[in-house]
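Quick mapping for you: the protein sequence lines, in order, are chains A and B.
Residue 334 is where the first sequence ends in the working numbering, and the numbering goes up by one at each step.
Residue 245 is where the second sequence ends in the working numbering, and the numbering goes up by one at each step.
Hints listed in this document are in silico derivations from the structure and should not be mistaken for laboratory results.
Since this is a predicted model, take the numbers as computed values, not measurements.
One should not assume that every hint holds.
[What the hints assert, rightly or not] Per label pair, the in silico range of CB-to-CB distance:
1) B/Ala-243 <-> A/Asp-16: 20 to 26 Å
2) A/Ile-20 <-> B/Asn-233: 53 to 59 Å
3) A/Ile-19 <-> B/Gly-184: 24 to 30 Å
4) A/Gln-54 <-> B/Ala-243: 39 to 45 Å
Note that CB positions come from ideal geometry on N, CA and C, so glycine has one too.
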Amino acid sequence: MWLWYDWRAAAIVNQDGLIIDIIEWSKPEVKQATYRIDAIRNGGLTDEAEVLAQRFPEATICLAGSDELPEADYPEMTAELNEIFEEAALGLAELGLSRAAGDSDRRLEHLQKAMTEVRDITLSLESRLVEWVGLFLPQVRFERNRVQLASTVSQSDGLADLAHKLGVEAPEVEPETSEWRSLKGHAQSAMTFRGQLDRMEAAVRTIAESHLPSLSALLGPLLASKLCVSAHGRERLARLPSGTLQVLGAEKAFFSHLKTGTPPPKHGHIFSHPWISKSPYWVRGKISRTLAAKASIAARVDAYDGEPWGQEQVSEVESRVNEIKSSHPKPPRK
Amino acid sequence: MAKRSGKGRRNPPGRKVNENLRLGSREVWTRNADSGKSVYGETRRDFSGEEWRRWSANRSKICAGLLCARENPDGLIPNSGDDILYLGAGHGTTISHLHDVICGPENIHSGRIVGVDIAPRCLRDLTFLAKSRKGIIPVLGDARKYAEWQIYVPNKVNWIFQDVAQSAQVDIFLGACQKFLNHGGTALLSLKAASERWTKEGEKALFDSVGEKIANSGLEIVEAVDISRYEENHVLFHCVKKAHS
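Isolated chain A, as found in the complex (with noise of 0.2 Å):
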């Protein structure tokens, strides 16, 4: 004995293919319909079945179309409830897409995506604009101050005013009205794109926070974010093998190793870490195999809903980066 189920209909069904009992969806209707098939998609039952199957505990409950049901006069579908499923099953696809972006590795892929693509514009920007007023101002040492210098360029009225407020000699050559308005105009777009740096990392450190506890503490956020997204995804990040974790974001260099033969690369973005940036050189291939072994533990504890790493665990992680750095303390003899 069988219980045939669909969305709007349940019936129990014997082996000769007689229905015994049946019981229709009294008044069908879009909305609800999303909902039903939302939750037969889940594995979920109808109202209709749960009572056929309350009434009939020894039938094998089915969803129609499953292969042992056998040949019956199953209730036929109307040309109406064909409209209703059609209409329902395309607010279902709607549904599906808005809960789409309930996906935190799409929002920070974008984020991400974005982030990089402002960065570069911002340090074009400002590197142009650091050399547009050396030209003007040769005098002029900017060193670290490039950030400074676009918004003391913006609060400027004229070259000589810029050259008064950066305490140097007027200069020898005026620009056009025009040409100073356009490098006024450049400086404010850094200091726009600057500001709108600064808030998508700001964004990208709370998403990365939440969505991958464990490794933003151990690596912290931004790089964490970064890995993710070149692993498109924390399910698949937290599946790589940690020598993979090892190497994203260094693919020229390892695919030209198994081409060509080239050395192997021994970190990839996970070099940016300052264990293994500031540390010599001899150390750094040892350095980032620890670190991406433990990362490819904190992603899984991310991934896998597990209790997101303290500080406890990263000090851990610190001593035997300490640990290794000390056992090597000289450079390896050629």
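With chain A held as given, fit chain B onto it using these hints.
Just chain B now, kept in the frame of chain A:
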């Protein structure tokens, strides 16, 4: 693209395969079910008052199959009014032409196209298409997980097409055919060599071994259509499910 008149022709070039489809040696046309609109920038043209759309072989593997097939190309196309299942629906380029053929304007032939895709980005386009073309059912789901979309296919269908570029695509295909295809129904698999595990023997051996696998699972291969003229490293397997054995 601009709509042009058919230069006095009464019908689009080529021979009639179906009321709504004409197949030439170089081009395929379908009768536009959603008059006045192009879906992906394809050419539209009037032939004796009817609007037809030209099916681009570079963007649709079925169209490429129609043009490349040697054995029975007509068998690649479902009939008007069929229920069909399309796994890996994509942006709806191919689906729009299938809709022309099996549903027609306002779905007068009462066909049904169930299009499953896992990517929200693709499904967004497909949902827009479904709104202007009745009979298309977009489903956001994983082609591998039959339970996610079985509710949309309560009766077995006559035609299945699968175009998912992921490993194990052959197993998904065979499973779907077994579960959802009528005996005597047509099953098409677009196989991308690069999506399968690379074997030393190369592409030819890979396609052969897939063909063998299909032939051992109750499907009869009509032809393994080589569509590499339009789509690199692809073969379109044209199969028919054997009658009850």
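These are the hints, each one checked on the structure:
no.: 1; hint: B/Ala-243 <-> A/Asp-16: 20 to 26 Å; result: holds (25 Å)
no.: 2; hint: A/Ile-20 <-> B/Asn-233: 53 to 59 Å; result: holds (54 Å)
no.: 3; hint: A/Ile-19 <-> B/Gly-184: 24 to 30 Å; result: holds (27 Å)
no.: 4; hint: A/Gln-54 <-> B/Ala-243: 39 to 45 Å; result: holds (41 Å)
The structure is consistent with each of the numbered hints, conforming to all of them.
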